[in-house]
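Chemist: As a plain string of letters, each chain reads:
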Amino acid sequence: DTGVSQNPRHKITKRGQNVTFRCDPISEHNRLYWYRQTLGQGPEFLTYFQNEAQLEKSRLLSDRFSAERPKGSFSTLEIQRTEQGDSAMYLCASSMTGVQPQHFGDGTRLSIL
Amino acid sequence: DAKTTQPPSMDCAEGRAANLPCNHSTISGNEYVYWYRQIHSQGPQYIIHGLKNNETNEMASLIITEDRKSSTLILPHATLRDTAVYYCIVRDVYGGSQGNLIFGKGTKLSVKP
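Residue numbers (this note's numbering), protein chains in the order written: chain A, 1 to 113; chain B, 1001 to 1113.
Check the hints yourself; a few may be wrong.
To be verified - Pair ranges (Cβ atoms, derived):
(1) A:E78 / B:E1014: 29 to 39 Å
(2) A:T97 / B:A1013: 33 to 43 Å
(3) A:G85 / B:K1105: 29 to 39 Å
(4) A:R64 / B:K1052: 40 to 50 Å
(5) B:K1105 / A:D63: 21 to 31 Å
(6) A:T38 / B:R1081: 40 to 50 Å
(7) B:E1058 / A:F74: 41 to 51 Å
(8) A:S27 / B:E1058: 16 to 26 Å
(9) A:S27 / B:T1072: 33 to 43 Å
(10) B:V1093 / A:R59: 20 to 30 Å
Said to hold, decoys possible - Derived BS3-like pairs: lysine-lysine, alpha-carbon spacing no greater than 25 Å straight-line:
(11) A:K71 / A:K57
(12) A:K57 / B:K1112
(13) A:K57 / B:K1105
Honestly, the hints are just simulated from the structure, not real lab data.
From the three backbone atoms N, C-alpha and C, an ideal C-beta is built for every residue, glycine too.
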């Protein structure tokens, strides 16, 4: 069990640029989740997939955000035209079923200059 | 909003038991209680979960009151490495929002030598 892997661990970019993060879930976990965490707050849910289907999206997921999981394995989260307020830790988690606990990666920290 | 209430901070002496309380007075019959912790700069780590009965694993014990309106996470012999923010979360795994872990601000546990 290699755990949930997220890349890159850190991303620094200028305002207005596009960024893409990758998440590799625990193998055989068919559910994959994205969260965002700002300083001093708990993680906030963004979206989740069951296999390749995106089943739920939070109102936090603006039109500039898009997530994919094309083959039901790894997932990508893209942010277009980044803004200062996008600076946060982006966390990915996976689980086998809805009851089984979600296991988190160590996140990608995004800093917008 | 989070459906749980936790004290913002607690201290514990190294080697002693740490008892972290959580109030979830509006919990419904299908909602499980999950506990996670987050050490600085890492993703949340799953600890334990339960529905009605008390649960124990290699990390901790979870005591849920008979009316299910509150619970206590017990770390039997706290070490310095247990210093973290602990989150108590209630989640309806069969409800419409199956992806959503709603984190509050948690309890910052400081284990002191």
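Chemist: For a C-alpha distance cap of 25 Å, please report whether K71 of chain A and K57 of chain A respect it.
Modeler: With Cα atoms ~19 Å apart, K71 of chain A and K57 of chain A stay inside 25 Å; holds.
Chemist: CA of K57 of chain A to CA of K1112 of chain B, is that 25 Å or under?
Modeler: Given that 25 Å is the threshold and the Cα spacing comes to 41 Å, the pair is violated.
Chemist: For a C-alpha distance cap of 25 Å, please report whether K57 of chain A and K1105 of chain B respect it.
Modeler: holds (22 Å)
Chemist: Kindly confirm whether 41 to 51 Å is satisfied by the beta carbon distance between E1058 of chain B and F74 of chain A.
Modeler: violated (30 Å)
Chemist: Just to be sure I understand the hint, the distance between the Cβ atoms of S27 of chain A and T1072 of chain B should be within 33 to 43 Å; is that true here?
Modeler: holds (35 Å)
Chemist: Between T38 of chain A and R1081 of chain B, does the C-beta distance stay in 40 to 50 Å?
Modeler: violated (25 Å)
Chemist: Okay, V1093 of chain B versus R59 of chain A on CB: inside 20 to 30 Å?
Modeler: holds (22 Å)
Chemist: Between K1105 of chain B and D63 of chain A, does the C-beta distance stay in 21 to 31 Å?
Modeler: holds (29 Å)
Chemist: In this structure, is the beta-carbon distance linking R64 of chain A and K1052 of chain B contained in 40 to 50 Å?
Modeler: With Cβ atoms ~43 Å apart, the hint holds.
Chemist: Does the hinted range 33 to 43 Å hold for T97 of chain A and A1013 of chain B at CB?
Modeler: Taking Cβ atoms as reference, T97 of chain A and A1013 of chain B lie about 39 Å apart, which means the hint holds.
Chemist: With respect to the beta-carbon atoms only, verify the hint that E78 of chain A and E1014 of chain B lie 29 to 39 Å apart.
Modeler: violated (45 Å)
Chemist: Confirm or reject the claim that S27 of chain A and E1058 of chain B have a C-beta distance inside 16 to 26 Å.
Modeler: holds (23 Å)
Hint compliance for this structure: hints 1, 3, 6, 7, 12 are broken, all remaining hints hold.
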